[in-house]
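Can you build the whole structure from these sequences, using the hints too?
Given next are the chains, with one letter for each unit.
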Amino acid sequence: MTSDLGESSRLDSLDRREFIWRSTGLISLALLAACDSRGPKSADRLLQYAERKNLALERKLFRHTSMDVVQSGAYDAGNKLPSYFVSPVVPVWDEAVRGKWALEVGGLVAKPARLTLEDLQRLPQVSNRVNHYCVEGWTAVETWTGVPFAELARLVQPDPKARYVDFRSFDDDYHESWDIESAMHKQTVVAYGLDGKPLQPAHGAPARVYSPVKLGYKNTKYLTKIVFMPRMNGGYWTDRGYEWYGGV
Amino acid sequence: MVDPNPQTLPQPTPAARPLQSPRKRHHWIVRVTHWVNVVAIIIMVGSGLRIFNAYPAFARKGEIFCCYPFEHKPIPDWLTFGGWLGGARHWHFAMMWVLVVNGLVYMTFVYLHGEWRDLVPRKGDIRDSWQMIKFYAFRRKDHPHQGKHNALQKATYFALPWAGLFAVLTGIAIWKPVQFAPFTALFGGYVWARYWHFIAMLIIVVLSVAHVFMVFAVDPYSIPSMITGNYDPKHSPEARNARPFYHLLPRNVSIDFRVRRERKQGRASGQSHDI
Chain A
1054 MTSDLGESSR
1064 LDSLDRREFI
1074 WRSTGLISLA
1084 LLAACDSRGP
1094 KSADRLLQYA
1104 ERKNLALERK
1114 LFRHTSMDVV
1124 QSGAYDAGNK
1134 LPSYFVSPVV
1144 PVWDEAVRGK
1154 WALEVGGLVA
1164 KPARLTLEDL
1174 QRLPQVSNRV
1184 NHYCVEGWTA
1194 VETWTGVPFA
1204 ELARLVQPDP
1214 KARYVDFRSF
1224 DDDYHESWDI
1234 ESAMHKQTVV
1244 AYGLDGKPLQ
1254 PAHGAPARVY
1264 SPVKLGYKNT
1274 KYLTKIVFMP
1284 RMNGGYWTDR
1294 GYEWYGGV
Chain B
57 MVDPNPQTLP
67 QPTPAARPLQ
77 SPRKRHHWIV
87 RVTHWVNVVA
97 IIIMVGSGLR
107 IFNAYPAFAR
117 KGEIFCCYPF
127 EHKPIPDWLT
137 FGGWLGGARH
147 WHFAMMWVLV
157 VNGLVYMTFV
167 YLHGEWRDLV
177 PRKGDIRDSW
187 QMIKFYAFRR
197 KDHPHQGKHN
207 ALQKATYFAL
217 PWAGLFAVLT
227 GIAIWKPVQF
237 APFTALFGGY
247 VWARYWHFIA
257 MLIIVVLSVA
267 HVFMVFAVDP
277 YSIPSMITGN
287 YDPKHSPEAR
297 NARPFYHLLP
307 RNVSIDFRVR
317 RERKQGRASG
327 QSHDI
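Which chain is which? The protein sequence lines are A and B, in order. Okay, so the first sequence: first residue is 1054 according to our numbering, each after it adds one. Okay, so the second sequence: first residue is 57 according to our numbering, each after it adds one.
For the record, the hints were derived by calculation from the structure and aren't laboratory data. Values in this document were obtained by computation on a predicted structure and should not be read as measured data. Heads up, the beta-carbon is just placed ideally off N, CA and C, and yes, glycines get one too. Where hints are given, some of them may not hold.
[What the hints assert, rightly or not] Take a look, some chain B residues computed to stay more than 10 Å from chain A by CB distance: (1) C123; (2) K190; (3) D198.
[What the hints assert, rightly or not] List of simulated lysine-lysine pairs, BS3-like, C-alpha gap at most 30 Å: (4) B/K80 <-> B/K204; (5) A/K1094 <-> B/K232; (6) A/K1214 <-> B/K232; (7) A/K1214 <-> A/K1164; (8) B/K232 <-> A/K1133; (9) A/K1113 <-> B/K232; (10) A/K1239 <-> A/K1164; (11) B/K232 <-> A/K1239; (12) B/K232 <-> A/K1106; (13) A/K1133 <-> B/K129; (14) B/K290 <-> B/K179; (15) A/K1094 <-> A/K1106; (16) A/K1278 <-> B/K232; (17) A/K1133 <-> A/K1250.
Given below as structure tokens:
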């Protein structure tokens, strides 16, 4: 009787072993099939959930006192700084067609403003030598000269309900919206100068937003409008699947 | 009613077999965290390589990086996961939590349950490792008996959590180089932290590939033990004197010819393990 039991349990274990081998094979096949794909579609909701949770955590981690520091000995990128835009050609503000360039600052604010480049240059000026963090993984050291965003905010007096800011451009429909705290960070500027020279069309002339606390794609170039808003408003790359927060 | 003070012990029936060890080789927590780790590490490495491919280099713009020989050479697509940069980032930033929580569960269990005793390095481990190497190199005829894991396994399983911790710390450093600027500076700044993150990945990949190779080559019977927890010591590498791929050879063929020769010359006894 005992030998019978032993025999049957041995058979059981053989079946189980078979089952295990087959399931291992199936799982490996599934993993192989998933290679270089975007992963299973059913995971999308989980990934979105994780992104929402990460966003909440990252906003909690944000500190106005945390500053980007350029490593000692780091070289300026100079002309090695890549130039990106979404239009087919370098976007250039053509005064003959569009009139004089001016930056509109509005939305949920007490005193909307319209600032020409000269107006911007008369406002308090800072130059920050900071890192540029690209979503692709590269960094570049550059010096950005411009108006601290906080100065602009002081000028237009945003409503306390304005928790988000949309930066819009004349580079097709490019825009990116930010959380207000990142915009108010000390190193966030509306820049009109790069490395001591006026900003060139390749890097967003006449003015762009620049902050080391955000990934490159959040820093809208070719600015035309800054809009204070009660809720987030996506963005060019955000709507194409990159994370909205994009903070570093 | 059972006599509370029996004069004689109950006799075992003659046919009774010795009980199989009631303790499983691997606790269910170890088994679950192991397989979660398999999925999490594959996805983290694959998505990480996809992110890396967006800029497959370490140099800051306008600089040259000293210590990576394959600057600007992308990783083959088939080794990557996530499909595109944004997709891979979503996978990476979601799966990182699974990896961290899973690692914490495993480490807490190993600590509380005493399993760490099988894994921490001990004085004789270098000698034991050398004996294992000699055995695999046919310089020693019998498989050394070194407890649950041999010294080479122990070194691997001990190193992996540290490599994981290193990957997590360097990962945090490149996730928040501004918010945690002083922390990132500990790794030499963003560029170097990104490099160390890559190195941590390489260590994990090398150790994992070696582990998987040895499982299939030396102890495939341990695969069920990582699923059901059951392990038959009859099939252990020690019992089978298993060198890589030993189990795939027909029974009557012996690759350890030196041992065979010795056996023919008169049964080798346990006096000397060395050939």
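Do the hints match the structure? See the list:
Its beta-carbon lying about 16 Å from the closest one in chain A, B/C123 satisfies the requirement of being farther than 10 Å from that chain. For B/K190, the shortest C-beta to C-beta distance to chain A comes to about 32 Å, beyond the 10 Å cut-off, and the non-interface label holds. With 10 Å as the threshold on Cβ separation, the claim that B/D198 sits away from chain A holds: the shortest Cβ distance comes to roughly 27 Å. Taking the CA atoms of B/K80 and B/K204, the gap is near 12 Å; set against the 30 Å cutoff, the hint holds.
Simply put, A/K1094 and B/K232 have alpha-carbon atoms about 29 Å apart, close enough for the 30 Å limit, and the pair holds. Between A/K1214 and B/K232 the alpha-carbon distance is near 28 Å, which keeps this suggested pair within the 30 Å criterion. Between A/K1214 and A/K1164 the CA atoms are separated by roughly 15 Å; this keeps the pair inside 30 Å, and the hint holds. Distance check on the hinted pair: B/K232 and A/K1133 sit about 24 Å apart at the alpha-carbon level, within 30 Å; holds.
Of the supplied pair hints, the one linking A/K1113 and B/K232 holds, its CA atoms being roughly 13 Å apart against a limit of 30 Å. With a CA separation close to 22 Å, the supplied pair A/K1239 and A/K1164 stays within the 30 Å bound. For the hint linking B/K232 to A/K1239, the alpha-carbon distance of about 17 Å falls within 30 Å, and the restraint holds. Between B/K232 and A/K1106, the direct Cα distance comes to roughly 16 Å. Compliance with the 30 Å bound is thereby established for this hinted pair.
Proposed proximity of A/K1133 and B/K129 is supported: the alpha carbons are some 19 Å apart, at most 30 Å. At roughly 29 Å between alpha-carbon atoms, B/K290 and B/K179 fall within 30 Å of each other, so this suggested pair holds. Between the alpha carbons of A/K1094 and A/K1106 the distance comes to roughly 20 Å, so the proposed pair stays at or under 30 Å and holds. The suggested pairing of A/K1278 with B/K232 holds, with an alpha-carbon distance near 29 Å, which does not exceed 30 Å.
Between the alpha carbons of A/K1133 and A/K1250 the distance comes to roughly 16 Å, so the proposed pair stays at or under 30 Å and holds.
Of the hints listed earlier, there is not a single one the structure fails to meet.
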